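> What follows is the residue order along each chain.
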Amino acid sequence: MLVYVIRRLLQSLVVLLAMSALVFVGVYAIGNPVDILINPQADQEDIERAIKGLGLDKPLWEQYLVFLQRALAGDLGRSFAFNVPAIQLIVERMPATLELATAAMLIAIVLGLPLGLWAGLAPRSVAGRMIMTGSILGFSLPTFWVGLMLIMVFSVHLGWLPSNGRGPTTELLGVPVSFLSWEGLRHLAMPATNLALFNLALVIRLTRAGTREALLQDYVKFARAKGLSDARVVGVHVLKNIAIPIVTVIGLQFGSLIAFAIVTETIFAWPGMGKLIIDSINVLDRPVIVAYLLVIVTLFIVINLLVDLLYSVLDPRVRLADART
Amino acid sequence: MSFPGETPSRDAEVAAPAVSARPGVRPVLAPGEGEETPLRRIAADFAESRLALAGLALFLAILAIAVLAPVISPQNPYDLAQLDVLDSRLEPGARSGDGKQVFWLGTDDQGRDMLSAIFYGLRISLGVGVSATLCALALGLALGLAAAFLGGHVDTLIMRVADIQLSFPAILIALILLALLGQGIDKIIIALVAVQWAYYARTVRSAALVERSKEYIEAATGLALPASRIVFRHLLPNCLPPVIVVATVQVAAAIALEATLSFLGLGLPITEPSLGLLISNGFTYMLSGKYWISFFPGVALLATIVSINLVGDQLRDVLNPRLQI
Amino acid sequence: MTEPTLKVDDVRTHFFTRRGVVRAVDGVSFEVAPGRILGLVGESGSGKTMTGFSIMGLVDPPGRIVDGRILLKGRDLRALSAAEWQSIRGNRIAMIFQDPLMTLNPVLRIDTQMIEAIRAHARVSAQAARERAREALARVGIPSPDERLAAYPHQFSGGMRQRVAIAIALLNRPDLVIADEPTTALDVTIQGQILAEVQRLCRDSNTSLVWITHDLAVIAGLADEVCVMYAGKIVERGTVDEVLDRPLHPYTRGLLDSVPSRNRPGVPLRQIPGMSPSLVDLPLGCAFRSRCNRATETCLSEPPLYALGGRHVRCFHPIHAEDELERESQ
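Chains as they are written, first to last, in my numbering: chain A, 395 to 719; chain B, 2 to 326; chain C, 59 to 388.
No lab work stands behind these hints, which were simulated from the structure alone.
Treat the numbers as computed from the prediction; the structure is a model and nothing was measured.
Treat the hints loosely; a few may be bogus.
Unchecked claim - The calculated label-pair distances, taken between Cβ atoms and stated as ranges, are:
# : chain 1 : residue 1 : chain 2 : residue 2 : range
1 : B       : Arg213    : A       : Leu416    : 29 to 35 angstroms
2 : A       : Arg401    : B       : Leu167    : 19 to 25 angstroms
3 : C       : Ser102    : A       : Leu610    : 15 to 21 angstroms
For glycine and all other residues, C-beta sits at the position ideal for the given N, C-alpha and C.
Just chain A, with the same shape it has in the complex (with noise of 0.2 angstroms):
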């Protein structure tokens, strides 16, 4: 187990550094470094200046190892627009997308799970075709145009849901929340619902799919061949199987929800990380783009990380595979 744990924390470490050789190269070999991390509007001996500051009259390597350098240290250049290090910026937008992103996987994880099941154990019912119906919708409809009928609807006819914007904060834990107050739930209410509708349908698909395979497999028909009633069949011995897949999907769908709320970001005004780099973008605010490529790369690789952890600590064929061998 601990072998399978250094091992797969070596891996994270080689890709980590292969992404950010590839981001390094992207700006600083393919793009104009020139343009990218000095500001266009300095004047000359600014520029100069700057140029000499960052090294960019070096070899490539060693920019390189400078860049690396200066990244572990937190320095990943200054914010054009805002005149903030890029990555203080970044840091102090990240609790207001993973608050979005978490209630999103709350939501997707506490209605999918028994809607899936459910669609799983009577797929022909009416209940269950409905709800598969439902997923195909819910799968199909593109995140924006679902986030503009939301405001629409509860916003601009019925005005029960603010439409932007996020609610006040408090701490926790030295992380400002916003869902500890019914305002704040009543700005999270909306957004998080259009970012978890995608993995809603996914939740469900992957649980009804699950469930009507392990239905088929030989030790359910040895657990009700032992006398086991319907409800332990399913509640034990299905549930446990699909659980470890599911989990692991779930885990894997965190990140993208921290991808696609630059979406629902947008369209909310909700000040995360995504409607940073959707101004960024426009603005040509390049250094806070490199930065939050090189903090979403990094979230990345952790998750998958953990994920990968997670799961041969929940399948006893993995985790005790060592102690035969």
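We have chain A; now place chains B and C onto it with these hints.
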């Protein structure tokens, strides 16, 4: 990977042994009796779901609209000479200022007939989505087959790149590529291809690896058929079912992704407005109640994606031998 | 005469598929007395496994039992409600499946899977159930049962897993055990051990056993009575000695002849010509007709199962003693 459990589709070269029978006694299995080609069976299975048939019908209708758009549109919405700004923001069903046209779905802020804009938009959205998918399919097919057949380092390299790419959400990759490459229809297609190819490569590779070790390939090799013939006439047809399912789903995903990117302002330029851009144009008017500028293009987009997903869903169930009786 | 533990009377289990009706079990009848072992022999597709599932009430759609009676100690199983079935399965009838790797849930521990089988039918504490499970494992010859209880299925060898499956089947001292090819996937030596275990356990507790297999050698050493199945029907039924030494049905004769050890060295192996029929597209009359060298016009109508010399056979031209002599002299 799963495949039709039937005998391979084209194996005239590997004949079944004839059943010998005593004269006067009817043999139990007469050759050629009760045959149902896989294609006919798939079509029959597919037709069992009325929903899927409806989806197919809807998709064909949309396809027809897209192809015939220049012919059936009441107005060419991109010919500035035909537009009258005084006709802008009219409600659905209103008449134009000169009384000559009825704007069945209203007009946008430039006086464009929404119906025509939607027809043209469908054309572009569908065109981009389908061509991107076909390119990705071709690329993925080639790389997947190469990985399966050449094995070794080529295989490892291709699969590593595919894995890494698949662990990042599509929107992120597309976003980065477009931020680097800029706008334009070819750049969008490049981004869409870059996002999709890995699905095909992985699917084809798994299918090819499993099929390669099956006996009918050994038999064909034993008959000293040339490698190209083995690949194209024997291997490929049996690898296709899972690829077809992936492709169907991916077309919908590509269309949705392009719409999202256009909505965010990163996609197609204004000169070639897809449905996403139309929706984004109408965003600002949502809050003042002029919903039709975003709503109807959204419905069109929805119809396209849902119909494709319905078809794809049924295809996947039909082509999965494990769920068959 | 004591009531038979199991009485199967003209049971038919049909599958209603798009291609047609598959008559997997088509009029099967037999009885098993307490403590006796019945062998159900046939090739794949003969309907023997489906017969086992029919008795257990585990036939899944699109199949269902369309006719016949199944009596367990006089009780009509087909009339049971779902709740009654749950109390009977694993309790009064138990089943052992062919592949224990797939039948034991891979993500649950052995003790979980055994304890739940006990607690589903009796109100005992988890502690007491665990004790019983431990004893059961010891009884089937598994060493250090306490460690084994905490293990997962994949940590066992094939033979061990099958022993666990047998232990589970016998946990609640059922009246009847149905074993569906439990030793097919095992080494011959392990197979011998398992067979001996099972025989001993059944004799000790007077449990009836239906052993489903395609392997005649297993039947020869294990069973008291044997039924030979072909294309969903029983074609011969009698005691093991009678059927294996003096087979009446040409199919049984063919099966016996094709066992390699019964052939003389240097002479080509004898086979039954042709292939077993598709159950959707059964030929007219006797299902074995096209492969039989004794078939005549009479065989175009379906032969009934009738009594002949103390046992039963389904054939218009059963093999008699004179034919035997003729065969020996060849």
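> Evaluate each hint against the coordinates.
Tested hints:
1. B/Arg213 with A/Leu416: 29 to 35 angstroms: holds (33 angstroms)
2. A/Arg401 with B/Leu167: 19 to 25 angstroms: holds (20 angstroms)
3. C/Ser102 with A/Leu610: 15 to 21 angstroms: Cβ of C/Ser102 to Cβ of A/Leu610: about 19 angstroms, so the range 15 to 21 angstroms holds.
Comparing the model with each earlier hint shows no violations; every hint is respected.
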